[in-house]
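Going line by line, the protein sequences match chains A and B.
In terms of this note's numbering, the first sequence is residues 1 to 336.
In terms of this note's numbering, the second sequence is residues 1 to 473.
Rather than coming from a laboratory, the hints here were simulated on the basis of the structure.
No residue lacks a Cβ here, since even glycine has one placed at the ideal position from N, Cα and C.
Possibly wrong hints are sitting among the right ones.
What the hints assert, rightly or not - Chain B residues, not near chain A, derived (Cβ > 12 Å throughout):
| hint | residue |
| --- | --- |
| 1 | V164 |
| 2 | V190 |
| 3 | M326 |
| 4 | V334 |
Unchecked claim - Partial list, computed: chain B residues near chain A (C-beta under 7 Å):
| hint | residue |
| --- | --- |
| 5 | V442 |
| 6 | L451 |
| 7 | L454 |
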Amino acid sequence: MKWDLILSNSFYTAISANAVAYILVASGLNVHFGYTGLLNFGQAGFAAIGAYSLSIPINRFDWPWPLSMLLVVVMAVLLALLLGIPTLRLRADYLAIVTIAVAEIIRLFLNSVRFTWLTGGNDGLQGFTRFMENINPLPADGITLWAQKVDGYRLWLLMIGWLLVAVISTGIWALMRSPWGRVLKSIREDEDAARSLGKNVFAHKMQSLIIGGFIGALGGMWLVLDKQSSQPQDFSTTLTFFCYTIIILGGVASAKGPIVGTMIFLFVIQFVDITLQQATRTTPQDPTPLIPTWIVDQNNFSQIRYIVAGFALATLVIVRPQGIFGDKREQAFDVR
Amino acid sequence: MGPRDEHTVTQRRRIGLWTLLVMVAFSFVAPMFGARATAAETPPSVGRASGGTATGVREPGVQATDDEADIVVSVVEQQRTDDVTVNKPLPGVKITATGAAGPVTGTTDATGKVTLTVPKQGDYEVVLDTASLPTEVEAGPDSPTTFTVSFSSGVTIGSGAKTVNFFVGDTERAAINRWELLPQTLVNGVKFSLVIAMCAIGLSLIYGTTGLTNFAHGEIVTIGALVTFWLNQGGPELHLLVATPFGVAASALMAGGFESRIWRPLRRRGISLTSMMIVSIGLAIGIRYVYLFFFGGRNRRFRQYVGDPEIDFGPFGVTPRDLGIMAVSSVVVVGVSLFLLRARLGKAIRAVSDNPDLASATGINTNRIILTVWLIGGALAGLGGVMLGAATGTQWDMGNIILLLMFAAITVGGLGNPFGALVGAFVIGMFTELWTWVFPNVVELKTLGALISLVVILLVRPQGFLGRKERIG
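Given only the sequences and the hints, what does the whole structure look like? Please build it.
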């Protein structure tokens, strides 16, 4: 077992550009669920919209990247309006079912053979990250952090990614302390009370959906920038549910919750995964793996992390619903 | 912290412990069918078994290892007219893959597919043996019978399986009137609707009596099919009809276990419905990947009722299997409806569904009713799972795939109303199959028909067909 490799890789994963993407997607969800009490199960749809609004125009139509990023914003707002107008007046579980359905519609569309000419289908799109490589001032061969090699492109993404996280998180923190943010929280606590004070509940919910959706789209964009490939299977509902795990881990309705939650979540998931990978590995010199193959082998070890993630979510909600660092008064679980 | 709080903490720990125990229990129970299931052989792998001279022979059914890969070949006969293309799978066609490691030969099964397993290196020439085609089918001039597949030496994501599709048939030959396809589409829609209805009634009853949106319902559907599969293909090799009751029992037990070990203690603690919904999501993800861990990612078929010829009914044809599925599920659905309407217990269930407090005040033991609902709902889901497995194959995430359709069905029909689930299932099932009729070129998006209908119906009539207005909030 190469513990230095396992630990350094797990630590790196917890702060990588991939982690930045998860933080952003989860932060958007936190605005919806944590602060406003909207049960959005379609955050993966926002992330997918962000990812493909960047990759399709650049890859297929040679748009300049700033225009493409503008499209990310526009599409995220449009999706929020599309979801919000029919469902925000209904009860919370209707929003849940419609959002999950729309997110699946988006993923099925992106995955379809028929529209491969546009979306790349199952293989996805590549080669849309050249602009990011071009503006990268860091040397391409990158650096070695402990035992983990990081190339220049990923290091650059990581650095501006964390800058983005700092801006967004501070923004959310400031917004939620403002009178506007307090209205959101009051909607979460008691919608009728907020309405009786003359607040436009629908408009506030819609604004929350737009802002959270926009942040989620940014996260999806970062996800595919890091992978240098946008593929539909990255935007299944599992992504949404992992983000729920993350914000519950880190603390619901807290600006630093998604950051802490993502770091813990990705560290644990990666640690479990890479440890098992090492422990099930065989080499010609040493044909017997550390763990007997009847328990777990090369082909199925990678499922363990999902099993851990799923049961962790269930156990967390039961044992500590406000999250590890959350404030009990802020937990949003009593939405109607 | 008062004594009351401490009590809650212990209770909370206890429930948390139970969640973990469920997980551990699964890890012990699942290998019983998982490990054997991998040793069982399934029709799509016939090719590997018959590839006697192949170097790629390995223990049948085992997933491709790192240095081996699957070439999934499918042969379809195309009948094309101006506005519609019909693809018919061709069984019994000989396929040979020749490459660095000698030829591997296989014959396509009833679904027109065959999987050839070859060492993952270099190029392979996949050739269709035109002599083995049915006499009336010709390989058209513009349909190639040879493909080259190459495996790169680098790391591949996923199983690295390659797909080869052969399209044969005289493209000018059959003139098909689209309207002639409609009866078949409708029959398929009825079959699919009935299966969804079976699975969704339980989900609706559970929502009605407890208010819980149970995301783990798909996993209850899957366990029925998995246990049946193990009894049928793995260990005892029972006939499918004999194995089915055990699968149904497994689903009912799992549902009952959920209720008595997780949901009832959580309700007693007064935990909110949203939390319970998220707990069910976590359980669903965890259990689903336990299935994948033990069962593998392949779609497997039961031993019986595969590739039977269709019975011709004139405008449409139905296999005996599908006829059986439709007959049994119609009987069960009608039976459950009569039970809910007429039987004492059924009335009690509807009373609890209407107003739990009032039902409790009239002397109905609510907790017992809720447990009954879980057992009935679980059993129905299990039966639905077996039928789905018989129709489309058993797969680790089959329940999760139709979960969204089940949700759509109960939402469209009216949340909490079991008859609404029936209506909704028919709307969703028909929309799904009709999509394939209206857009025959985009069949892979057929779920879209159902999901779009869900969104549209919610826009027009938010409470669903049979829902009550006050429920929509």
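Would you list, in rising numerical order, the hints stated earlier that this structure does not obey?
none
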